[in-house]
Structures are given as structure tokens and as C-alpha cells.
Amino acid sequence: MKAKFKRDFRNPMVYWLIVLAVVLWGACQFMGIWYGDWLRAFLCSLSMLAPLFIACTPYYIADTGNLNGIIQISFITRIEQLRKGGYRIFYTWMENGKERSSCFYPKEGQAFIDKLLEINPNIKLN
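For the sequence shown, our numbering assigns the number 399 to the initial residue and increments by one for each residue that follows.
Be aware that a few hints might be false.
Taking lysine to aspartate or glutamate and the EDC-like style, the derived pairs with C-alpha atoms no more than 20 Å apart in a straight line are [as the list claims (entries may be wrong)]:
id, residue 1, residue 2
1, 482, 406
2, 402, 512
3, 400, 512
4, 400, 506
5, 505, 406
Derived from the structure by calculation, the hints contain no laboratory data.
In this text, all values refer to a predicted model and were calculated from it rather than measured experimentally.
Taking the hints into account, I'd like the entire structure generated from these sequences.
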């Protein structure tokens, strides 16, 4: 693994995703206790762990040149800084493919950008 970047939990997008997952998890537990259906409460609780896990895992750049194991860094065309913090990364899914975008909220923003530029210097910054 080339680099790991922590998520910025102070960013509203990440913060509210975690709060929502915890509130829904608590609601599932309450409903299970209230109605006495422990199996459904347990299964509902398991479904709330997925967004919580996604929100808490760090971003990483793999040795294969992928960002989070999905986005090929060589296909990134530009990076745009968002108003409330974070970055929107524009990339093509495959060569000559449609342009897509994903938002990232790293804690060390400049180090994140520098590492991407080190791997692909053709990225345009907006």
C-alpha cells in the first residue's frame, strides 16, 4: 500500500452519515426491544454496520495505482475542491469511457492531492 489518508470526521457529509447510521441502529434496537422481535432487530442492526464501516475506513492508494481499490489514478482527469471541504475527483471509468465523479473528504487534503499528482501529473486542479 502506497498511502493511507484518514477521513475528516468534522466534515458535515461524513459526520451526518455516521450520525444517521447510529440513529438508525438505535431505532432498530428500540423497535426490537419494544416488539420483542430480537431476530429482526439483530438483522436490522447488521445492515446499519455497512454505512458505519464505510464512513470510518480510511482512503488508501494501493500499489497497483488505484484509489480505494476502484478508481485507477491514471484515469483521473481533474480535481475540484468543494465549498464545504473535501474534493470531487473526475475520472473516466475505462479508456474512452464516460466521465464520472466521486467525493473524498481526507483529513490531510494537501498531502492527498500531492500523492495523486505524484502518480499522475496530468491531473488538472480547479
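Outcome of the hint check:
Simply put, residue 482 and residue 406 have alpha-carbon atoms about 12 Å apart, close enough for the 20 Å limit, and the pair holds. Proximity of residue 402 to residue 512 is assessed by CA-CA distance (about 13 Å); at most 20 Å being required, the pair is judged to hold. Restraint check for residue 400 and residue 512: satisfied, since their Cα atoms lie roughly 13 Å apart, inside the 20 Å limit. For the hint pairing residue 400 with residue 506, the CA-to-CA distance comes to about 15 Å; that is within 20 Å, so the pair holds.
A hinted pair counts as satisfied when its Cα atoms are at most 20 Å apart, and residue 505 with residue 406 qualifies at roughly 4 Å.
Of the numbered hints listed earlier, not one is contradicted by the structure.
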